[in-house]
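Since chain A is already given, all that's left is putting chain B on it; use the hints.
2 protein chains.
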Amino acid sequence: MSREKIFFTPGPSELYPKFEEFLKDFVDNQFGSISHRSAAFKKICQHTDEQLRELLAIPAENAVMFTGSASEIWERILMNCTELETFHLVNGSFSKKFYSYAQSIGRHAHKFEKPMGEGFSYSEIKVPEYAELISTTQNETSTGVQMPEADIHKLKKNNPKKIVSVDMVSSAPIPDIDLSLVDTAYFSIQKSFGLPAGLGVWIANEYCLERAEAINKKGSIGSHHTLPELWAQSRAFQTPSTPNVMAIYLLGRVAEDMNRRGRATLQKEVDQKAKKLYSYFEKKDGFSLGVAKPEHRSRTVAVINTERASSEVIAALKEKNLIIGAGYGPNKESQIRIANFIANTPEQIDTLLNAFEELF
Amino acid sequence: MSREKIFFTPGPSELYPKFEEFLKDFVDNQFGSISHRSAAFKKICQHTDEQLRELLAIPAENAVMFTGSASEIWERILMNCTELETFHLVNGSFSKKFYSYAQSIGRHAHKFEKPMGEGFSYSEIKVPEYAELISTTQNETSTGVQMPEADIHKLKKNNPKKIVSVDMVSSAPIPDIDLSLVDTAYFSIQKSFGLPAGLGVWIANEYCLERAEAINKKGSIGSHHTLPELWAQSRAFQTPSTPNVMAIYLLGRVAEDMNRRGRATLQKEVDQKAKKLYSYFEKKDGFSLGVAKPEHRSRTVAVINTERASSEVIAALKEKNLIIGAGYGPNKESQIRIANFIANTPEQIDTLLNAFEELF
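Listed in order, the protein sequences are those of chains A and B.
Quick note on the UniProt record's numbering: the first sequence kicks off at 1 and runs consecutively.
Quick note on the UniProt record's numbering: the second sequence kicks off at 1 and runs consecutively.
Among the hints, a few may not be true.
For chains that are exact copies, the list does not tell them apart, and a pair is met inside one copy or across any two.
Said to hold, decoys possible - Using 20 Å as the maximum straight-line C-alpha spacing, the simulated EDC-like pairs for lysine to aspartate or glutamate come out as follows: (1) K5 / D28; (2) K218 / E282; (3) K161 / E21; (4) K5 / D25; (5) K97 / E229; (6) K332 / E61; (7) K320 / D28; (8) K24 / E124; (9) K318 / D28; (10) K268 / D257; (11) K96 / E229; (12) K18 / D28.
No lab work stands behind these hints, which were simulated from the structure alone.
Owing to the predicted nature of the structure, the values given are computational and were not obtained by experimental measurement.
Pulled out of the complex, with its shape left as it was, chain A reads as follows:
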């Protein structure tokens, strides 16, 4: 059936155009009933693994693992890859939450914090000597600030013994993060992959595994979804506990379709839409861009300041079945957030901007 509303919310968001086709295949094949220890499940898991490796250029050495959410992965990274000290680049609500997770489980957590809407200049970053982890957020969903890929790569190059983690929750598979350089990265499927929520994807290299094994000898790395167990199971296209089979299946189908279209094509389309969005709001009366520096503006989540209360803007667009997001946290009323995910077609972006032109 045709979808009545168009979602530009920063996730959950508009579903991938072929979502219903893939879902129908899942149902028709009765995959909701198969054992997660069956050959049929392993085949599904292997397909998703292979398609993600192709799409994101994941090295053969790395493991691709599934969890309940990206937030769960924060805790797993902390428990499996750190013992004492962590360092967090904080410039929004999600990078801050990872930092607070580190404090909650008793790590001595350092942060370098920027006001919301600002990104990091590489030269300003001073990594604490004893930090075992450098947490970077490639795309801050709350503020629409991105960190250039080259800066993330440089951080690892200049801190080879520290684990560099990359939050790609709302940007994967768009950014060109070199997964053979960084140690671990993670994302959710309800953002740029255009799927219903309920799965986190965790990519990690052998250095992360070594750390987990070393820490495990001295203390505890937890009991559920430990890295060594997730890793070993993933090598057999299995999971330690019963996973969200439907999400793993759908993700494989979406990734396959993205590979067919070609990642470069997807990136180009996203960038063209982003350019159109930012150019429009730069000039539009009553609105301005939430992120001043062009190189820090997210390609996938546009954050826009609004002089009218965001609730008013959102309500007017909702009348036209166009659903956008409010600002996050303290910026709830002063900002709007517009997802520019792969599932949002260029025509949808035009429809949205035409509505802005008509309404405001």
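Structure of chain B alone, referenced to chain A:
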């Protein structure tokens, strides 16, 4: 479309008869795109909460919380409700895994272990003095052994200061566990609720919350899905991180349908089917019951010894599109497991037994 295969696997298993109808409603309403902070999501979450409270007679005092899986709940109970010592009634692979989780996170874990296929006599259970948690498994999915509800209630009555947890993963909503007596219980949705996997449901009382808050003052209760945070969010029909919205929605619809049919009716139907299954295999040449004592035989997962290799039995039935489970772990080849969930209609059980009669 009509389903080709009938699943009697002990979960994931046969889907609830109305699964496709409920899924269509989810898709048609575009619930896969809604924000988990929206009023629409809260309404879904509230509906599921209310239907589960009615179905399972959950006291108003208790919280109903959602996680990625039941295994995740094991770790959350250990981290939030225990500090030093735990006690586990172990009589199969899943109760043993909970015990090993406790060891992995550094608890002094005690166990009282029975051979696979045997249950516990209440009088034999000696609870260690300093154990903070008594872990019971109402239904051991690996062995088909159940623990009578009255024994679980008695354990709490005689150990009022200890947290009594009940694994109902593959039996809820069938057993009459009094949730105003025990402290915490949990289940998965891919068993008796007949849904695709990817959601754990955690029920806990205020005593669990008090323990978590007390432990949190002295040490760490973890960072992700802590009980106080899950609890607070659940009171507002919210979740700390983006949940499996589809599963929460489908669970609410299934629970509502179960309430319409009436839990007593469902219990009666399950018991009649169980009686038929056990009577058949008790007399059938080449097969015998995996659980000797009638009071310990699971109502929802029948475990049957087989003289032929289970792989041979499973393959022959598969030819007829009837899918049953192998024995678990060491009993893989010597046992078969047959789910007797709510989604398995009396007609399906007849079809299965007729096939046994024809084939063996």
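A quick look at each hint next to the structure:
1. K5 / D28: Classified as between: cross-chain Cα gap 11 Å, same-chain 26 Å, threshold 20 Å.
2. K218 / E282: Classified as neither; 54 Å inside a copy, 51 Å across copies.
3. K161 / E21: Result: close neither inside a copy nor across copies, 45 Å intra and 53 Å inter.
4. K5 / D25: For K5 and D25, only the inter-copy Cα distance (15 Å) is at most 20 Å; the intra-copy one is 24 Å.
5. K97 / E229: between (26 Å within a copy, 13 Å between copies)
6. K332 / E61: neither (42 Å within a copy, 32 Å between copies)
7. K320 / D28: Only across copies: K320 and D28 sit 18 Å apart there, 34 Å inside one copy, limit 20 Å.
8. K24 / E124: This pair counts as neither: shortest intra-copy Cα distance 51 Å, inter-copy 52 Å.
9. K318 / D28: between (34 Å within a copy, 18 Å between copies)
10. K268 / D257: within (16 Å within a copy, 47 Å between copies)
11. K96 / E229: Answer is between: at 17 Å across copies they meet the 20 Å cutoff, but 28 Å inside does not.
12. K18 / D28: Cα proximity of K18 and D28: in one copy and across copies (16 Å, 14 Å).
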